[in-house]
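Asks: Using the sequences and the hints given, assemble the complete structure.
Numbered according to our numbering, the sequence shown terminates at residue 261, and the numbering increases by one at each position without gaps.
Treat the hints as calculated values from the structure; they're not laboratory data. Take these hints with a grain of salt, some might be off.
[Said to hold, decoys possible] Pairs of lysine-lysine residues, derived as BS3-like cross-links and limited to a Cα-Cα distance of at most 25 Å, are as follows:
id: 1; residue 1: K92; residue 2: K188
id: 2; residue 1: K110; residue 2: K200
id: 3; residue 1: K92; residue 2: K110
id: 4; residue 1: K220; residue 2: K188
id: 5; residue 1: K92; residue 2: K220
id: 6; residue 1: K96; residue 2: K220
Predicted model only: the values in this text are computed from it and were never measured.
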Amino acid sequence: MPLKNSQGDLAQDIAKAAFSRRGLLIGLGGLVLSGCVSTARPPQPIKKTVPTEPAREVPLMYRAMPEEQFPIPAVDTRKVNPKFWRQEVDYPTNEVKGAVIVDTPNKYLYHVLGNGRAMRYGIGVGRDGFSWAGRATIAYKRQWPRWTPPDEMVARQPSLAPYSIANGGMPPGLKNPLGARAMYIHKDGRDTLYRIHGSPEAWSIGKAVSSGCIRMLNQDVIDLYNNVRDGSAIVVIPDPTKGQQVSS
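Replies: Okay, here's the thing in structure tokens:
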């Protein structure tokens, strides 16, 4: 009898152990499953990406010019219609080689190369009533010029008084309205007060926004400066739709 009891007890113990092991496995399985649920991350919303405009490659002629006295940044060519980019073109004319022709209506400046060719540049011109036209001479040219607004301009814009002729003008630099180079237009030995000059305002090329002067990209005015001689003839073609001071 004791042996039977012992065997019965042993059987019960084995059964209990098996039941406990089964319960443990079920419990662990539940923990594992609950662990997956609790640590699983909810699906992330798909972010909408805004397509970016591909960077436009800057032509070498409009590169940055760190070698200048005042380093010039590259032209933002996105702001300039490609038709106004510098290029050599066919241009039959009776003007002599080296002459400068300003086509005010179409916003182009031509430097005559001869043999029916010219270097063409996009320009900004004077707004209504502030432009000049006629035949004259590029008397001289300057690198990084000072800007001295004429007294009549100061009278219209008193904020320019600190840069008046009496105060010595504005020193050269990237913020100077004449930019990196300027060419001074004279008629019969007298200053017309009109200039061909550089500008950092790329958006203004191809438009009539200036106070009468002929503005160019800084990179373009440097190129023209390097190829135009003092005393060169200049012809400014009037725009028939605009009010201009025309000199015969």
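Asks: Each hint: holds or not?
Replies: Each hint tested on the structure:
Taking the CA atoms of K92 and K188, the gap is about 18 Å. The hint holds against a cut of 25 Å. Of the supplied pair hints, the one linking K110 and K200 holds, its CA atoms being roughly 20 Å apart against a limit of 25 Å. Between K92 and K110, the direct Cα distance comes to roughly 32 Å. Violation of the 25 Å bound is thereby established for this hinted pair. Distance hint between K220 and K188 is fulfilled; the C-alpha atoms sit about 20 Å from each other, no more than 25 Å.
Distance check on the hinted pair: K92 and K220 sit about 12 Å apart at the alpha-carbon level, within 25 Å; holds. Straight-line distance between C-alpha atoms of K96 and K220 comes to about 13 Å, which keeps the hinted pair within the 25 Å bound.
Violated hints amount to a single one, hint 3; each of the other numbered hints is respected by the structure.
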